[in-house]
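Starting from the known structure of chain A, fit chain B onto it as the hints suggest.
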Amino acid sequence: GGIITQTPKFLIGQEGQKLTLKCQQNFNHDTMYWYRQDSGKGLRLIYYSITENDLQKGDLSEGYDASREKKSSFSLTVTSAQKNEMAVFLCASSMTFNQDTQYFGPGTRLLVL
Amino acid sequence: GEQVEQRPPHLSVREGDSAVITCTYTDPNSYYFFWYKQEPGASLQLLMKVFSSTEINEGQGFTVLLNKKDKRLSLNLTAAHPGDSAAYFCAVRNNNNRIFFGDGTQLVVKP
Numbered sequence: 433g434g435i436i437t438q439t440p441k442f443l444i445g446q447e448g449q450k451l452t453l454k455c456q457q458n459f460n461h462d463t464m465y466w467y468r469q470d471s472g473k474g475l476r477l478i479y480y481s482i483t484e485n486d487l488q489k490g491d492l493s494e495g496y497d498a499s500r501e502k503k504s505s506f507s508l509t510v511t512s513a514q515k516n517e518m519a520v521f522l523c524a525s526s527m528t529f530n531q532d533t534q535y536f537g538p539g540t541r542l543l544v545l
Numbered sequence: 132g133e134q135v136e137q138r139p140p141h142l143s144v145r146e147g148d149s150a151v152i153t154c155t156y157t158d159p160n161s162y163y164f165f166w167y168k169q170e171p172g173a174s175l176q177l178l179m180k181v182f183s184s185t186e187i188n189e190g191q192g193f194t195v196l197l198n199k200k201d202k203r204l205s206l207n208l209t210a211a212h213p214g215d216s217a218a219y220f221c222a223v224r225n226n227n228n229r230i231f232f233g234d235g236t237q238l239v240v241k242p
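Chains as they are written, first to last, in the numbering used here: chain A, 433 to 545; chain B, 132 to 242.
Since the hints were made in silico from the structure, they are not lab data. Warning: the hint list may mix true and false statements.
Said to hold, decoys possible - Subject to a maximum C-alpha distance of 27 Å in a straight line, what follows is the list of computed DSSO-like cross-link-like pairs (lysine-lysine):
id: 1; chain 1: A; residue 1: Lys473; chain 2: B; residue 2: Lys199
id: 2; chain 1: A; residue 1: Lys473; chain 2: B; residue 2: Lys202
id: 3; chain 1: A; residue 1: Lys454; chain 2: A; residue 2: Lys502
id: 4; chain 1: A; residue 1: Lys473; chain 2: B; residue 2: Lys180
id: 5; chain 1: A; residue 1: Lys441; chain 2: B; residue 2: Lys168
id: 6; chain 1: A; residue 1: Lys502; chain 2: A; residue 2: Lys450
id: 7; chain 1: A; residue 1: Lys441; chain 2: A; residue 2: Lys515
id: 8; chain 1: B; residue 1: Lys168; chain 2: B; residue 2: Lys202
id: 9; chain 1: A; residue 1: Lys454; chain 2: A; residue 2: Lys489
id: 10; chain 1: B; residue 1: Lys241; chain 2: B; residue 2: Lys168
id: 11; chain 1: B; residue 1: Lys241; chain 2: A; residue 2: Lys473
id: 12; chain 1: B; residue 1: Lys199; chain 2: B; residue 2: Lys168
id: 13; chain 1: A; residue 1: Lys515; chain 2: A; residue 2: Lys489
id: 14; chain 1: A; residue 1: Lys473; chain 2: A; residue 2: Lys489
id: 15; chain 1: B; residue 1: Lys180; chain 2: B; residue 2: Lys199
id: 16; chain 1: A; residue 1: Lys489; chain 2: A; residue 2: Lys441
id: 17; chain 1: A; residue 1: Lys450; chain 2: A; residue 2: Lys515
id: 18; chain 1: A; residue 1: Lys441; chain 2: A; residue 2: Lys502
id: 19; chain 1: B; residue 1: Lys180; chain 2: A; residue 2: Lys489
id: 20; chain 1: B; residue 1: Lys168; chain 2: A; residue 2: Lys454
id: 21; chain 1: A; residue 1: Lys503; chain 2: A; residue 2: Lys454
id: 22; chain 1: A; residue 1: Lys515; chain 2: A; residue 2: Lys473
id: 23; chain 1: A; residue 1: Lys454; chain 2: A; residue 2: Lys441
id: 24; chain 1: A; residue 1: Lys473; chain 2: B; residue 2: Lys168
id: 25; chain 1: A; residue 1: Lys503; chain 2: A; residue 2: Lys441
id: 26; chain 1: A; residue 1: Lys503; chain 2: B; residue 2: Lys180
What the hints assert, rightly or not - Examples of chain B residues lying across from chain A (beta carbon under 10 Å, computed):
id: 27; residue: Gly132
id: 28; residue: Gly172
id: 29; residue: Ala173
id: 30; residue: Gln176
id: 31; residue: Asn228
id: 32; residue: Ile230
id: 33; residue: Gly233
The beta-carbon is built from N, C-alpha and C at its ideal position, and this holds for glycine as well.
The shape of chain A in the complex, shown without the other chains (with noise of 0.2 Å):
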């Protein structure tokens, strides 16, 4: 088995500032994912890195940033967090990108104030 962490569990962030999100996986998977759920409502795509140094752009890739370290490393950056937003970004990870389970972390809370 393997495991998913997320840091920060909690966020709170300013109106305008950069955020950044980090999510480990030791699964040895191959595809990362970041997506965004809001309050009753299914998961946006943000970003997806299909392996080491790939990285594609999902339904909601605007106003973040994304940068995949390392096999096991997969960040999202907030460029400017917008006032009042507030929602669970959850990362996941798959062994591949192709038919695949994806198995998620316990996801980052973030309030912008």
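Same frame as chain A, now just chain B:
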């Protein structure tokens, strides 16, 4: 692109009753289907994945039915108990290997 519609958004049942959640999707090339459970404050846990046509899959206390002709996926909790109270999400993978999630169903099972 793919559209996934999940119904109902909220569902309240009594302990021992069945609870049925349904997703419909639009892309006929979708080929892999998932149900996830999310307990309050926790992340998504995979309940079941389905990779076939018109199939019934049975898990512990639930059944998943896939009808590719109608582009419909359903989750039936056969005798719900309070521990089943959670949000449930369907997810659909298309042939571009993108996964699309439903908006979720908040299930409450009352004792």
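27 Å limit on alpha-carbon distance, applied to hinted pair A/Lys503 and A/Lys454: Holds. A/Lys503 to A/Lys454 sits at ~13 Å (cutoff 27 Å).
Can the restraint linking A/Lys454 and A/Lys489 be considered satisfied, given a maximum Cα separation of 27 Å? holds (17 Å)
Regarding the pair A/Lys473 and B/Lys180, is the alpha-carbon distance no greater than 27 Å? Holds: A/Lys473 and B/Lys180 sit about 21 Å apart, inside 27 Å.
Measure nothing beyond the straight line between the CA atoms of A/Lys515 and A/Lys473; if it is 27 Å or shorter, mark the hint as holding. Holds, because 20 Å separates the two Cα atoms, which is no more than 27 Å.
Given the hint that A/Lys473 pairs with B/Lys199, test it: the Cα-Cα distance must not exceed 27 Å. The given pair, whose Cα atoms are some 24 Å apart, holds under the 27 Å limit.
Check the hint pairing A/Lys441 with A/Lys515 against an upper bound of 27 Å on the C-alpha distance. holds (20 Å)
Is A/Lys502 within 27 Å of A/Lys450, Cα to Cα? holds (22 Å)
Given the hinted pair B/Lys180 and B/Lys199, is their Cα-Cα distance within 27 Å? Holds - the C-alpha atoms of B/Lys199 and B/Lys180 are around 14 Å apart, at most 27 Å.
Verify the proposed pairing of B/Lys180 with A/Lys489, using a straight-line Cα cut of 27 Å. This hinted pair holds, its Cα atoms lying about 25 Å apart.
Against the 27 Å threshold, does the CA-CA distance of A/Lys503 and A/Lys441 hold or violate the hint? holds (22 Å)
Proposed proximity, A/Lys489 with A/Lys515 (alpha carbon, max 27 Å): holds (24 Å)
Does the structure keep A/Lys473 and B/Lys202 at a Cα separation of 27 Å or less? holds (21 Å)
Checked against the numbered hints above, the structure violates none of them.
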